[in-house]
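What follows is the residue order along each chain.
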Amino acid sequence: MSSQDRDTTTSDRADDRTTSGPEPTGGQTESVVDVANVTFGYTATPVVEDVSLTIDPGEYVAIVGPNGSGKSTLMQLLVGLLEPDTGTARLFGERADRFDDGERIGYVAQHASASKEMPITVREVVKMGRFPHLGIGRLTGGDRRLVDDLREEPLETVQRVTSALSGRLSPGDWAIVDQALETVGMSAFADRRVTQLSGGQRQRAFIARALASEADLLVLDEPTVGVDAESVDAFYDLLATLNAEGITVLLIEHDLGAVVEHADRVVCLNREVYFDGPTGEFVESDALARAFGTEARFLSGVSE
Amino acid sequence: MTAGLVATLAAGVLAVLDPSLVLPLQGVVGALGETVFGVLLWVLDQWYWLMDWVYYLTGLEMIDPRYRYMQRAILVGLCIGVMAPLIGTFLVHRQLALIGDALAHTGFAGVAVGLFLNAVIDLGVSPYLTAVVVAMIAALFIELISEVTDAYNDVSMAIVLSTGFALGTTLISLNAGGLAVGVNQFLFGNLSTVSPQSAAILLVLFVVIVGTVALTRNQLLYVTFDETAAAVSGISVNWYNRVVVMLTAMVVVGAMQIMGVILVAAMLVVPVAGATQVSRSFSESLVVSVVLAELAVLLGIGVAYYGGVTAGGVIVLVAVAIYVCAVALGKVLSARGTGASPDMGAIEVDSADVGKGTGDD
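Those protein sequences? They're chains A and B, same order as listed.
The first sequence begins at 0 in numbering that gives the first Met the number 0 and counts up by one.
The second sequence begins at 0 in numbering that gives the first Met the number 0 and counts up by one.
Some hints could be false.
To be verified - Anything over 10 Å on all C-beta distances counts as not near chain B; from chain A, calculated:
hint, residue
1, Asn66
2, Asp100
3, Glu123
4, Glu151
Said to hold, decoys possible - Sample of chain B residues at the chain A side, in silico, Cβ under 7 Å:
hint, residue
5, Tyr221
6, Ser235
7, Val236
8, Thr275
Calculated from the structure, these hints are not laboratory results.
Please read all numbers here as calculations on a predicted model, not as lab measurements.
Beta carbons: idealized from backbone N, C-alpha and C, even for Gly.
Whole structure, please, built from the sequences with the hints as guidance.
Listed below in structure tokens is the structure:
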């Protein structure tokens with residue numbers, strides 16, 4: 000997908016929305032993620048304590064921390080899957096747990112999490128990215144100017160409404176799906192079963208799904224676990240490309256080497272935030288030793 | 000949302016248990032029911048007409064116009080062959096294959112409730128209707144348990160399964176004598192007991208199930224494939240899980256007439272498992288599983304009729320035989336298909352200065 004394409008589609012969607020878009024009319028840039036003094040625990044003991052974090056559009060942020068440090072919990076709080084016990088979590092200016100523009104977030108988990116036996120093709124997976132754009136909910140929530148549209152472009156509007164109601168993808172939706180496959184270099188695999196793909200290919204398919212949903216924010220939860228080294232490099236190249244096009248990237252990663260090499264900003268977490276700043280400063284700070292204990296190393300050699 | 004669910008459950012339980020609430024309602028619902036029932040009987044008449052034609056063309060004894068019950072059984076079988084794998088697909092790929100079994104056993108409790116109420120207060124409802132209500136309430140309970148404990152687990156399913164069966168046997172033994180006679184048909188299914196009324200109930204279930212899946216297929220697929228990503232994208236996962244278990248309850252009760260309580264879950268699972276072996280895509284697997292299920296149902300009913308054996312058992316045996324063939328075919332296909340792998344395309348880079356983050360250190 001070219002950046003021009005992306006700009007067009009993004010502004011199209013901004014027109015559709017009555018709520019805040021990526022570039023609000025107020026002139027100031029709206030934070031993608033805004034978490035203030037968040038504390039959360041599954042039991043009485045907090046897993047995440049007094050965490051504050053703001054991510055602006057276009058940033059490439061990595062959250063690192065040892066096992067059990069609350070990385071995944073924080074991620075779930077950020078995208079609204081969990082509600083904080085205290086503090087506030089906001090996504091694109093709205094309360095995260097009530098956020099209903101889900102298509103603006105692309106979520107990629109560890110590749111092992113997808114059903115292993117399910118017969119489903121790459122194209123069908125990428126197609127899911129369009130689902131939040133379909134359905135009755137979209138018509139009532141996002142298209143309040145339906146009557147105006149009906150007056151101006153009756154044919155297109157009727158087409159849009161019927162496709163939304165029937166849950167069927169329009170030719171425009173399919174073009175976006177194909178473009179997303181193209182962007183991640185998976186067009187040749189579009190009709191393959193996902194179960195036949197390598198770990199790296201699978202992760203590309205999931206990225207393509209996020210692209211198809213025209214996400215402004217990519218959230219990746221340890222995406223390269225179980226992926227071979229060569230594919231990992233290609234995967235991070237892809238992330239860098241997408242980030243350069245303006246997509247905000249939030250990476251939850253245990254591989255410190257990869258983080259230091261690719262992310263612009265690091266948040267080091269172990270229940271609370273030990274460090275939040277540019278990657279270069281993180282490498283020189285003692286945050287790592289404090290958060291992880293003494294044995295932590297940057298595994299793949301850092302060129303600073 | 001949970002409060003609303005509890006209220007619905009409570010209302011459902013009241014409606015089943017308290018006859019004083021049900022009786023005044025009967026007048027209002029009755030008139031509506033009569034109309035719908037009339038339409039369904041008309042549909043049945045059209046089916047008889049079609050079957051009669053098939054009989055004159057083929058001369059197949061089992062669809063002789065004198066055997067209306069067989070014609071109805073085939074209609075019911077065809078409907079089961081569509082709706083069971085349709086729902087089964089969404090269950091199997093979430094490792095929920097056994098939920099059908101659990102709900103079928105609570106459906107049996109529902110049958111017992113119906114028989115009991117008919118015997119005690121002469122309510123005159125079809126046991127299949129009470130079975131639908133009880134199974135759907137049980138389905139919501141299973142879903143609630145899984146939401147509260149954060150996982151579906153075999154323990155909660157085992158508890159619901161045996162509670163349902165225990166309740167059923169207890170109610171039936173309370174009314175020992177007249178009731179026990181009719182129980183076998185619910186346990187093992189029976190072609191000859193498919194009444195016009197129960198065929199009509201099945202047609203309603205069929206329309207509701209196929210309609211609901213058609214409307215929500217995208218969301219159901221997303222939730223089945225990747226629950227977390229679906230939740231992030233704004234789909235209410237709990238809500239769609241409830242839809243799936245409720246539809247499952249409807250399917251098992253609908254299919255119970257022919258398959259019986261004990262074997263009904265097989266129709267949700269076996270054709271889907273077979274289709275998984277040979278299909279390349281999800282949409283293909285849906286179609287293939289329906290085709291396999293129809294094949295099993297029609298062959299099974301035929302063998303049961305001519306061989307004089309129980310239909311449910313034969314249908315399952317045929318389905319399993321088809322599954323074994325599908326596994327073999329799947330092995331052959333994948334052995335052939337592991338030839339050339341296409342080259343992975345290059346990542347499309349728009350700006351020349353990006354994407355060089357790795358490999359140069």
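Structure-based check of each hint:
1. Asn66: Given a closest Cβ separation of 19 Å, the condition holds.
2. Asp100: For Asp100 of chain A, whose nearest Cβ neighbour in chain B is about 7 Å away, the distance does not exceed 10 Å, so it is violated.
3. Glu123: violated, 5 Å
4. Glu151: For Glu151 of chain A, whose nearest Cβ neighbour in chain B is about 28 Å away, the distance exceeds 10 Å, so it holds.
5. Tyr221: Status holds, d = 5 Å.
6. Ser235: With Cβ-Cβ at 10 Å, over 7 Å, it is violated.
7. Val236: Check failed: Cβ of Val236 of chain B comes no nearer than 9 Å to chain A, outside 7 Å.
8. Thr275: Holds. Min distance 5 Å.
Violation of the numbered hints given earlier is confined to hints 2, 3, 6, 7; the remaining hints are satisfied by the structure.
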